[in-house]
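Q: Taken in sequence, the protein lines are chains A and B. Mapping of the first sequence onto the numbering used here: position 102 corresponds to residue 102, and the numbering continues sequentially without gaps. Mapping of the second sequence onto the numbering used here: position 95 corresponds to residue 95, and the numbering continues sequentially without gaps.
Source of the hints: derived by calculation from the structure; they are not laboratory data. Take these hints with a grain of salt, some might be off.
Said to hold, decoys possible - 25 Å max Cα-Cα, derived DSS-like pairs, lysine-lysine:
| hint | chain 1 | residue 1 | chain 2 | residue 2 |
| --- | --- | --- | --- | --- |
| 1 | B | LYS57 | B | LYS11 |
| 2 | A | LYS68 | A | LYS98 |
| 3 | A | LYS54 | A | LYS68 |
| 4 | A | LYS98 | B | LYS57 |
| 5 | B | LYS78 | A | LYS98 |
| 6 | A | LYS68 | A | LYS55 |
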Amino acid sequence: KNEVEQSPQNLTAQEGEFITINCSYSVGISALHWLQQHPGGGIVSLFMLSSGKKKHGRLIATINIQEKHSSLHITASHPRDSAVYICAANAGGTSYGKLTFGQGTILTVHP
Amino acid sequence: GAGVSQSPRYKVAKRGQDVALRCDPISGHVSLFWYQQALGQGPEFLTYFQNEAQLDKSGLPSDRFFAERPEGSVSTLKIQRTQQEDSAVYLCASSLPGYEQYFGPGTRLTVT
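The following block holds chain A by itself, in its conformation from the complex (with noise of 0.2 Å):
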């Protein structure tokens, strides 16, 4: 079982469509990273969160610690949203920020 995992690995949603994913990892974690990768692209930090909620435009990213669980969704989907979206967690044991990835998400939005 990997220590970092995601649902659902590929999401197809129609344009306007809120959009949820989800990430479950099974160590200590110091903080929880969102990331974004889009095709022949390099990859954009999204959000870093150790607790609660953050919001950035129409993204918005959730965490339970207790839980060790986090979400991020979409609102009002769009095209340009479709890429790849990565969960990584900073371990604990780490000051530095090692971190560990899920496998990603490729989401696809259609017009």
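Fit chain B to the given chain A structure using the hints.
A: Just chain B, lined up with the frame of chain A:
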């Protein structure tokens, strides 16, 4: 430039060749990470530098992999005697300690 840069962006190597991949981090970023991303997978940690010190190399898959950051800025990941299983995207990221990581565009290595 303001971001992390990597070169080359693409590298094709014959099996058995040595390769060197370069990472230019964001100026002032103390922390530098190398990751390996196989096709269709999430990245996996290779090694970590704090300034010029390599503090964690637990993810390097074999002794054919070697990384350095001699002046605490630019880093080079070297792979000796490349094998087909080394084909992957190699990502570099930099950060201030404990803060979000900024990723470079990656180097796609194909070993034929």
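Q: Please list, smallest to largest, the hint numbers that this structure does not respect.
A: Those not satisfied: there are none.
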